[in-house]
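S.K.: Once you have looked at the hints, place chains B and C on chain A.
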Amino acid sequence: MKFRVTPRANAFYDMFAASAANLLVGVKILTELLGSSPEERAAIGDRMKVAEHASDEITHAIMNEVNSSFITPFDREDIYRLASSLDDVMDAMEAAVDLVVLYNIVELPAGLADQVEMLERAAEVTAEAMPRLKVMKNLREYWIEINRLENTGDAIYRRLLAKLYSGEYDALMVLKLKEVVDQLEAAADAFENVANTVESIAVKES
Amino acid sequence: MKFRVTPRANAFYDMFAASAANLLVGVKILTELLGSSPEERAAIGDRMKVAEHASDEITHAIMNEVNSSFITPFDREDIYRLASSLDDVMDAMEAAVDLVVLYNIVELPAGLADQVEMLERAAEVTAEAMPRLKVMKNLREYWIEINRLENTGDAIYRRLLAKLYSGEYDALMVLKLKEVVDQLEAAADAFENVANTVESIAVKES
Amino acid sequence: MKFRVTPRANAFYDMFAASAANLLVGVKILTELLGSSPEERAAIGDRMKVAEHASDEITHAIMNEVNSSFITPFDREDIYRLASSLDDVMDAMEAAVDLVVLYNIVELPAGLADQVEMLERAAEVTAEAMPRLKVMKNLREYWIEINRLENTGDAIYRRLLAKLYSGEYDALMVLKLKEVVDQLEAAADAFENVANTVESIAVKES
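Keeping their order, the protein sequence lines are chains A, B and C.
Here my numbering is used: the first residue of the first sequence is 2, the next is one more, and so on.
Here my numbering is used: the first residue of the second sequence is 2, the next is one more, and so on.
Here my numbering is used: the first residue of the third sequence is 2, the next is one more, and so on.
Derived by calculation from the structure, the hints in this document are not laboratory data.
Please note that a few of the clues may not be correct.
You can't tell identical chains apart in this list, so a pair holds if it fits in one copy or across any two.
[What the hints assert, rightly or not] Straight line, CA to CA, 25 Å or less: simulated DSS-like cross-link-like pairs of lysine-lysine:
{"hint": "1", "residue 1": "Lys-50", "residue 2": "Lys-179"}
{"hint": "2", "residue 1": "Lys-164", "residue 2": "Lys-50"}
{"hint": "3", "residue 1": "Lys-164", "residue 2": "Lys-179"}
{"hint": "4", "residue 1": "Lys-179", "residue 2": "Lys-29"}
Everything numeric in this text was worked out from a predicted model, so none of it was measured.
So that you can see chain A by itself, here it is in the shape it has in the complex:
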């Protein structure tokens, strides 16, 4: 992996780190949403769109870099998967916020906070792990933690679904809330795709 030290390669590591760091911004906005009053939410949604746009820019830059690079630090396929999985996390978080605003959902189920807390932890460990791609060190603990979080997330998701269908909400509200819950679950799945890609890259390097 002598390429790893070339400026080109460094550009990749910096962009992956930036993409993951931006997910921390997104998850913070998501946390604000939960504590917000309905009239504050449109503004929160606008800030989420700005964060989501920043992710698009970084992803596009990575794609251009990989397409125009003669050499890449690891397989192009893995770079694509890593960049698009990181972007998928942000897209899902942005969609969740947007749906809450669009459907004008006043009361958010308590369980949403558990989902967002899990996403916050996933964003933290992912942002910490990305810079370590450069040295390929201590990544194993990262993907083990992500898999643990994903299992916790599944349990939270199942509990939320059971609550949604318990009869406490009318059918239309179930539909609206389920779309929000599904987007947060999609964000958790995307974090797992990021970790799986990092694992497969690390295995090839070893």
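M.R.: Below, chains B and C alone, put in the same frame as chain A:
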């Protein structure tokens, strides 16, 4: 790209052009559906199935060609993505028509016409762009226009969802209509995947 | 394909065969669910989780093998697709069982038995075909049968949806049942992805 002029390579360009041209057929049938009376819809659905079958044939031919070709005009991976994204557009449009017939939905929301109009425009620019793959010229304007259309489509989609959940429809009808609306949105997303693949091919060529 | 006789390559064939054989276990548990009384279902769900975990183990072993192998019997990309498509079948079947338990659905629509019967047949032909990957013989009949089953499955699925939306069920029950039906349809689609991957591998070999 000396391979580009080989007969084999030409076969690819012709098949991509044929696949995109067939999407124009599909979107026309979709437009007819909107102006149709319920009793005409079964026949419209049958014609849509014929168009969808034609797309399957072309896609299968492309896959066989790429699998049996020693050289290909661009990465096999990109040829797969381009062929299957074009096919995804048709599958989603066919599913939308099929669901309207299956659920015997009498009144279609006005917003569907906005979605279909956007798909028609996307089909036109895609069909115009495919033949230009051969010369790799003037493709940039194509994917910029598709991205613009996709953003318009998102706004139309969000408005439709807000209307569906406004309380104007009963929950069962919301479920039925949402499936139709989601299929048309999936067709728009597939058009964007086609454009993204063309962009990534063009960047590698440049 | 001189690599095909190496021990490494044999490991792949054995793991694919094991993954497909495990799907037969899963579909048998699914069949039991249909004939079960509500109070038996939690135990059935637990056994399904065990089977799903076994699939995860095999899939992970295949991924590690392909990532750490210098030579592979066929394209790494195809090995990934084959392994993950086989795993997708099990994930979807497990999710279907889990949802029935989670939502405490007492009465299962008769049409579910048609879906499961089709999945059982698909699991049988897939488990028979996997060992033939090694000799690349008599695979054509396999993917033709899977495509036939997938078309039957689509018709069954459409009939089920029409029944769900017929007005016989209240909206909340429609939502619950549709999630189960969709998971079984997803399992059928995953079987088709397995067959498509085998076909593309076979075409490259020919």
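S.K.: Now, for every hint given, state plainly whether the structure supports it.
M.R.: Checked hints:
{"no.": "1", "hint": "Lys-50 with Lys-179", "in the structure": "both (21 Å within a copy, 24 Å between copies)"}
{"no.": "2", "hint": "Lys-164 with Lys-50", "in the structure": "between (29 Å within a copy, 22 Å between copies)"}
{"no.": "3", "hint": "Lys-164 with Lys-179", "in the structure": "both (11 Å within a copy, 17 Å between copies)"}
{"no.": "4", "hint": "Lys-179 with Lys-29", "in the structure": "within (22 Å within a copy, 31 Å between copies)"}
Violated hints: none; the structure is consistent with every hint.
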